[in-house]
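In order, the protein sequences belong to chains A and B. In terms of numbering that gives the first Met the number 0, the first sequence opens at residue 0 and continues consecutively. In terms of numbering that gives the first Met the number 0, the second sequence opens at residue 0 and continues consecutively.
Derived from the structure by calculation, the hints contain no laboratory data. Treat the numbers as computed from the prediction; the structure is a model and nothing was measured. Don't be surprised by glycine CBs; every beta carbon is placed ideally from N, CA and C.
Label pairs and their computed distance ranges (CB to CB):
no.: 1; chain 1: B; residue 1: G507; chain 2: A; residue 2: V78; range: 53 to 61 Å
no.: 2; chain 1: B; residue 1: I359; chain 2: A; residue 2: A57; range: 27 to 35 Å
no.: 3; chain 1: B; residue 1: V36; chain 2: A; residue 2: A209; range: 36 to 44 Å
no.: 4; chain 1: B; residue 1: P81; chain 2: A; residue 2: S79; range: 43 to 51 Å
no.: 5; chain 1: A; residue 1: A209; chain 2: B; residue 2: S354; range: 32 to 40 Å
no.: 6; chain 1: B; residue 1: P544; chain 2: A; residue 2: S110; range: 48 to 56 Å
no.: 7; chain 1: B; residue 1: A254; chain 2: A; residue 2: T61; range: 18 to 26 Å
no.: 8; chain 1: B; residue 1: I359; chain 2: A; residue 2: A209; range: 30 to 38 Å
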Amino acid sequence: MATMVTGTKPVTKKGTGSSTFPGPNGNGKRRNGDEFLEPDYRANRYRIGMWVALASIAMMFTALSSAYIVRAGGAPDWVSIAMPRVLLLSTALILISSITMEVSRRNLKSSSFSGYGRWLLVTMLLGIGFLVSQLVAWRQLARQGVYVATNPHSSFFYLLTAAHAVHLIGGLLALIFLWIRSRLVKQVAVSPRRQATADAVTIYWHFMDALWIYLFLLLFLWR
Amino acid sequence: MSEGNHEGVHRHPAPTGFIRKYIFSLDHKVIGIQYIVLALAAVLVGMIMSLLMRLNLSWPGTSWPILGTLFPGGAPNGVMNPEFYLSLVTMHGTIMVFFVLTTAPQGGFGNYFLPIQIGAEDMAFPLLNMLSFWVTFVGFIVILSAIFLSGAESTVGPIGGWTGYAPLSALGAIAGPGQGMGMNLWIISIAIFCVGSLLGALNFITTLLNMRTKGMSLMRMPLTCWAWFTTAVLALLSFPVLLGGGILLLLDRLAGTSFFIPGGLYVSGVLSGTNPNFPLHTGGSPVVWQHLFWFFGHPEVYIAILPGMGATSHILATFARKPVFGYRAMVFAIFAIGLLGFFVWGHHMFISGMSPYSAIAFSVLTLSIGVPSAVKTFNWLGTLWGGRIRFTTAMLFALGFVSLFVAGGISGLILGQSSLDLAMHDTYIVTGHFHLVMGVASIFGMFSALYFWFPKMFGRFLNESIGKFHFWITFIGVYAIFIPMHIMGIVGMPRRYSQFTEYEFLKGLHPLVVFVSVAAIITILVQFVFYFNVIWSVFKGAKAPDNPWEATTLEWNTSTPPPHDNFAGVLPVVYHGPYEFAVPGAPNDYVMQTDSGVEVTSGNGHNGHRH
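All chains, full assembly: derive it from the sequences and hints.
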């Protein structure tokens with residue numbers, strides 16, 4: 000018998016019915032009972048996964064922002080570009096779309112499928128409206144002769160708006176997926192999985208909204 | 000797939016077609032093996048490049064006709080030119096760090112064993128998992144294409160090193176051979192790799208949080224799972240920063256922006272703005288690239304080594320037949336290393352023009368990583384102490400990991416101090432340091448993991464005699480390669496120079512350079528024995544039972560190799576901590592995590608719950 004560094008106490012034999020073993024579940028939710036996997040626990044992965052993904056997206060924009068702040072702080076060649084007015088429209092559109100998305104999610108929660116689909120559609124249109132409005136802003140700047148390489152501020156403007164738009168297009172694709180699924184696969188009561196995916200997309204959409212507000216303030220207050 | 004899954008059924012039935020089963024597989028086990036095969040291919044490329052570098056360093060001017068045939072531009076008449084050597088440095092570093100040290104320990108072994116060890120039937124998002132591998136694979140193809148597409152520029156890739164420092168990396172073809180198309184492909188490959196790693200990290204974190212089986216509380220997870228989890232968090236938070244930096248760099252190169260390029264540069268006889276190949280740049284800051292790169296780069300070295308630490312803890316306990324000493328301390332040490340890893344990136348930039356106060360802060364934080372590292376080392380020794388050690392090949396490599404981690408880590412204490420680093424920076428002591436501690440140590444972690452888990456993965460053992468031969472030559476070999484580099488560094492031999500024969504003060508070191516090269520050649524040759532062992536054992540190795548090492552964790556509880564859904568439809572229930580070895584009075588000297596009859600009233604086993 001090897002010498003033990005760690006202390007050991009005698010092992011007691013016990014039946015399998017101990018109330019403390021196996022102890023808390025992996026998910027930490029259900030201490031008692033044999034009912035192991037409630038569907039909503041399984042579905043929770045979509046929400047968890049979304050938060051994890053948002054952490055990484057947030058890190059990328061943090062990195063770009065820090066580059067922005069350093070570049071704006073030190074360089075004599077910094078020229079601030081004038082804010083295209085249409086960005087106010089963009090901001091309004093995406094703010095409203097956040098509200099409609101939330102309405103849609105709550106409709107689903109109360110199993111009101113027609114309301115869910117309708118508000119999804121509204122959100123989609125608002126999202127497309129936002130992208131069009133951003134495009135108009137780009138065109139306006141281009142008409143003034145402000146391109147991506149014109150000066151550091153315009154470089155960051157094009158880069159950050161484009162990065163945000165790419166992420167928003169991802170959100171739009173998710174909305175289209177949800178909408179098609181709501182048309183094709185009818186449900187009597189909402190399944191935990193459908194609710195979880197809708198929640199995840201809603202979280203993402205709100206995040207895109209907040210991210211735009213942040214970028215807007217960064218680009219036109221910190222310059 | 001039906002909505003609202005029920006346990007005890009196959010979530011997706013085992014596919015039958017070859018393509019769905021082995022190529023575009025959703026099975027985390029197949030994807031894990033794909034990652035390992037990718038790493039085995041990548042490490043071969045990286046290793047051959049290091050061989051070429053050693054040949055050039057120790058026998059400069061010698062003609063290697065095959066090189067002259069393959070790369071007539073880079074090695075005219077078979078004699079390497081300096082740019083060719085520099086591109087070898089870059090590609091060796093890039094391929095090894097990204098496609099070997101990041102893929103195999105995490106994407107490979109993590110993918111295969113994390114779901115099994117926590118008692119899940121697959122990853123949380125199997126489709127994302129498949130995507131993450133194939134995205135990574137595309138990244139590898141792109142970096143390989145850089146080898147050949149840079150041929151017109153007489154190199155095998157960019158010449159700026161794996162750190163891609165601006166402005167050299169930001170200027171385009173005018174900056175030198177390999178900096179045109181080669182550098183573009185390099186950035187694109189890294190960006191693709193970032194995306195693949197992010198998808199993987201997302202999957203790991205969600206799986207571990209959401210899919211642990213009944214009884215698998217956090218403190219009952221094997222330390223491997225803790226290591227993979229922490230690694231995934233590091234990847235999740237650091238790769239986006241590299242991706243952001245890479246986008247800025249690409250814009251500087253392709254769109255004419257000036258994020259990293261300062262004004263008034265005079266490169267290759269051309270002033271910025273006076274030539275269509277070199278547009279006007281003003282006001283950018285190359286140091287910002289360094290900050291972004293190293294904010295990623297330092298966590299990256301922990302991404303490489305943490306899984307090795309996890310595997311080492313796991314394997315030491317199994318073959319010492321003892322519980323891991325201080326399980327909780329090990330968990331916190333993993334987290335502490337990961338956390339501190341985000342606050343020390345400045346120690347790579349002491350000579351980049353940094354306020355001495357920042358340097359002190361980075362120094363202190365860097366040295367404080369020694370604390371959790373020492374906790375881990377002492378706990379490994381505590382685990383070994385008094386154990387009845389079974390010297391299998393896996394155990395030998397795990398012991399080798401501990402040895403290399405200590406030997407390589409010690410010089411980190413020297414380099415982490417800004418005053419000493421000012422002298423040591425960019426010399427061979429840095430090369431020796433990081434190769435030992437993050438390169439070879441994590442490779443040893445992978446070797447250990449492969450010898451340990453191979454029976455579970457393929458149902459056959461790797462040959463132990465060949466394995467021990469492989470271990471001893473490799474172990475002695477890597478010390479013979481990298482310890483002399485510390486001496487060279489202290490003498491002042493700079494990194495990345497293609498040869499040293501023209502420097503009077505380095506002439507005395509030439510025998511040592513040749514010695515290192517000979518050691519490297521022998522060590523590299525032995526790796527082919529390892530490759531042979533792997534391929535031979537997959538088909539002809541001795542058959543393995545379900546639990547050949549008498550280990551306790553869940554992967555040894557299922558059949559060998561595991562069925563498509565890991566546990567044949569019945570998920571295990573966990574009653575014990577992961578390292579219940581040498582349990583007094585138990586029928587065997589170990590208690591499986593699933594054994595329900597035995598209660599360990601502990602102190603011994605850390606079943607995760609103090610009563």
